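Asks: Count along the sequence shown starting at 1, add 768, and that's the number in this note's numbering.
It is worth saying that the hints were derived from the structure and are not from the lab.
The structure presented is a predicted model; accordingly, all values stated were derived computationally and were not measured.
Fair warning: there could be bad hints in the mix.
Label-pair restraints from in silico Cβ distances [what the hints assert, rightly or not]: (1) C846 / A811: 29 to 35 Å; (2) R798 / V818: 29 to 35 Å; (3) G770 / A811: 29 to 35 Å.
Heads up, the beta-carbon is just placed ideally off N, CA and C, and yes, glycines get one too.
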Amino acid sequence: MGLIADLLKEIPAAAKYQAALESMERENERVKAENAGLKEELAQFMQRRVTLDWDAVRALVYLAQHERAHAAEIAQACEMNLHLVESYLNHLVAGDFVPPPAGGEPRHRLAHGGRRYLRERGLHK
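Given the sequences, and given the hints that come with them, work out the whole structure.
Replies: This is the structure:
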């Protein structure tokens, strides 16, 4: 609003609008700050709102109980189809619940997002 403020200074009859302009600028800054806070709150809510299929949760619980695991280990322990487990692991990697395997090694581990998901649901300490 710099241009408007400059015009108000140049036109004496418009000086009475200066206070209103300053008030609007303050209100605009307050609304921007409130909007930023609401966006952050929404992002946090959306993270908590994520819901996984029970089989994906079972894979996360297995990873929480074991430091690292291959898809085949998870499939066998949870009595699930290997291709299904691999699909869930890809989904969990995309959702930051499980980091991608390091160095090409096909073993997976639990990420911070996966721990938080399980903790929020009382499935992990």
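Asks: Go through the numbered hints given earlier and state which of them the structure violates, listing their numbers in rising order.
Replies: Checked against the structure, no hint fails, so every one of them is satisfied.
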